[in-house]
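The lines below spell out each chain.
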Amino acid sequence: MDLDRFLRDPQSRRRFFRASGVSLAGGSAVFLAACTDDTKLSQEEIGPDESDAADVELLNSALDLELMAVAAYKAGAARLKGDVLQVGKLFLQHEQEHADGLIAAIKDAGGKPNQARATYDFPELRTQRDVLRFAIDLENTAIAAYIDLLPKLGEGDLRATAAAILSNEAEHVAVLLGALGEEQVPDAFVVGKVT
Amino acid sequence: MAPRERIVIADGPAGSAQIAEFERDRRDVLRRGLGLGGAVVVAASSIPLLLSVRNAFAQTSGDAEILGKAIHLEQVAVLAYGAAIDSGRLGVELSRVAARFRDHEQQHADVLTTALTDLGGMAPQPATAKDVEGFVKRLDDAESQTDLANLAIEFETATVAAYLDAQRKLIDGKLLQTGASIMANEAQHLVVLRELAKLDPVPNAFVTGKK
Chain A
0 MDLDRFLRDP QSRRRFFRAS GVSLAGGSAV FLAACTDDTK LSQEEIGPDE
50 SDAADVELLN SALDLELMAV AAYKAGAARL KGDVLQVGKL FLQHEQEHAD
100 GLIAAIKDAG GKPNQARATY DFPELRTQRD VLRFAIDLEN TAIAAYIDLL
150 PKLGEGDLRA TAAAILSNEA EHVAVLLGAL GEEQVPDAFV VGKVT
Chain B
0 MAPRERIVIA DGPAGSAQIA EFERDRRDVL RRGLGLGGAV VVAASSIPLL
50 LSVRNAFAQT SGDAEILGKA IHLEQVAVLA YGAAIDSGRL GVELSRVAAR
100 FRDHEQQHAD VLTTALTDLG GMAPQPATAK DVEGFVKRLD DAESQTDLAN
150 LAIEFETATV AAYLDAQRKL IDGKLLQTGA SIMANEAQHL VVLRELAKLD
200 PVPNAFVTGK K
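Just so you know, the protein sequences line up as chains A and B, in that order. Okay, so the first sequence: first residue is 0 according to numbering that gives the first Met the number 0, each after it adds one. Okay, so the second sequence: first residue is 0 according to numbering that gives the first Met the number 0, each after it adds one.
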């Protein structure tokens with residue numbers, strides 16, 4: 000299943016970040032293939048998932064990070080100029096895309112997505128350099144969180160999706176480091192850091 | 000609300016999937032070549048290499064087998080970057096980048112080899128010059144630093160796709176994390192290479208190795 004389809008498909012999205020270790024590659028695949036039109040599947044037909052509560056908690060944790068990143072890029076935009084401002088806008092869009100996918104997954108799992116906080120306790124961002132450094136910290140925190148999460152995912156497509164997001168955060172780090180005039184790929188292994 | 004796309008289970012015989020992927024690669028290569036007025040001549044001999052990288056883990060089962068394929072993949076990357084450096088065709092910046100990335104690929108190979116031996120497996124036979132013949136041909140055909148950067152982009156993109164596939168197949172938690180940290184590193188390589196090729200450094204919000 001490709002990523003685009005995965006993000007549109009509720010049955011897959013609701014398994015996003017599943018930590019139960021249950022693989023659905025066999026019977027569920029046959030079941031889904033037998034469905035002539037999955038748009039007809041109501042939530043009741045799909046049925047409750049015993050791991051939904053855990054899913055929602057994990058999804059909301061990831062969503063919190065993505066929403067914080069969105070807020071950070073918005074807050075920092077005022078200090079950015081020229082090409083760096085364009086980069087900030089692009090990365091804001093990427094984080095919003097990640098958040099949108101997570102929100103959809105939480106709703107599909109019957110959960111309530113966390114809202115962005117009214118305010119965030121960000122450090123004072125006086126200069127473009129401050130914003131870039133803070134953005135790198137946020138991105139690295141997200142990378143570490145996703146890497147920590149990967150082994151808890153039971154289904155392969157979900158792990159692939161998480162890896163696709165964390166690799167995008169790694170790309171962001173490379174660009175941000177470059178904007179600071181620093182080595183863009185400092186290490187052979189990208190592990191992020193927990194702040 | 001637009002109807003959701005129906006789920007299609009595309010898994011079929013492995014050979015069919017490979018053929019389909021080859022056709023996609025071939026069509027994409029042809030399309031890009033034609034789009035540039037035929038200015039870019041793609042050596043047919045390089046397609047099997049890129050396809051083999053992209054599908055490195057397509058028919059593997061079990062962590063040890065995947066590790067063996069990943070080690071070979073990284074060894075090929077080391078040789079490819081080495082061949083590019085030794086060709087003398089890289090400019091100062093691209094040469095610096097290639098040397099650094101070659102070192103990264105070697106580190107990946109070393110760590111994966113340790114992981115494999117820890118599992119009780121044996122390291123695969125080292126990659127040889129024959130494994131990068133197609134790549135070397137492409138090096139010879141490149142007409143500019145941009146062409147050379149694009150060649151590395153193709154290779155790294157295929158590598159990302161392979162590691163994404165590995166996420167679906169690996170079982171051990173630490174190996175999943177190692178694979179993801181390598182995949183993210185290859186994604187960072189792509190940022191640098193795209194900048195050198197004057198391309199959008201981060202074209203998508205999700206890194207999948209799709210072209």
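Please keep in mind that the hints were generated in silico from the structure rather than gathered at the bench. One or more of the hints may lead you astray.
In the SDA-like style, the derived pairs of lysine to any residue whose C-alpha atoms are separated by at most 20 angstroms in a straight line are [as the list claims (entries may be wrong)]:
id : chain 1 : residue 1 : chain 2 : residue 2
1  : A       : Lys80     : B       : Lys173
2  : A       : Lys80     : A       : Asp129
3  : A       : Lys80     : A       : Glu96
4  : B       : Lys173    : A       : Gly180
5  : A       : Lys88     : A       : Lys106
6  : A       : Lys88     : A       : Ser60
7  : B       : Lys173    : A       : Asp129
8  : B       : Lys197    : A       : Asp99
9  : B       : Lys173    : A       : Ala187
10 : A       : Lys192    : B       : Lys173
11 : A       : Lys88     : B       : Leu198
12 : B       : Lys197    : A       : Ala143
13 : A       : Lys88     : B       : Val201
14 : B       : Lys168    : A       : Thr118
15 : B       : Lys197    : A       : Leu64
16 : B       : Lys197    : B       : Glu92
17 : A       : Lys192    : B       : Thr116
18 : B       : Lys197    : A       : Leu179
19 : B       : Lys197    : A       : Lys192
20 : A       : Lys106    : A       : Pro122
21 : B       : Lys209    : B       : Leu198
22 : A       : Lys192    : A       : Lys80
23 : A       : Lys151    : B       : Lys197
24 : A       : Lys73     : A       : Leu148
25 : A       : Lys88     : B       : Asp199
26 : B       : Lys129    : B       : Asp139
27 : A       : Lys80     : A       : Ala178
These numbers come from a predicted model, not from an experiment.
Exercise. Compare the structure with the hints numbered earlier in the document and write down the numbers of the violated ones, lowest to highest.
Key: 1, 3, 4, 5, 6, 7, 8, 12, 14, 15, 17, 19, 20, 22, 23, 24
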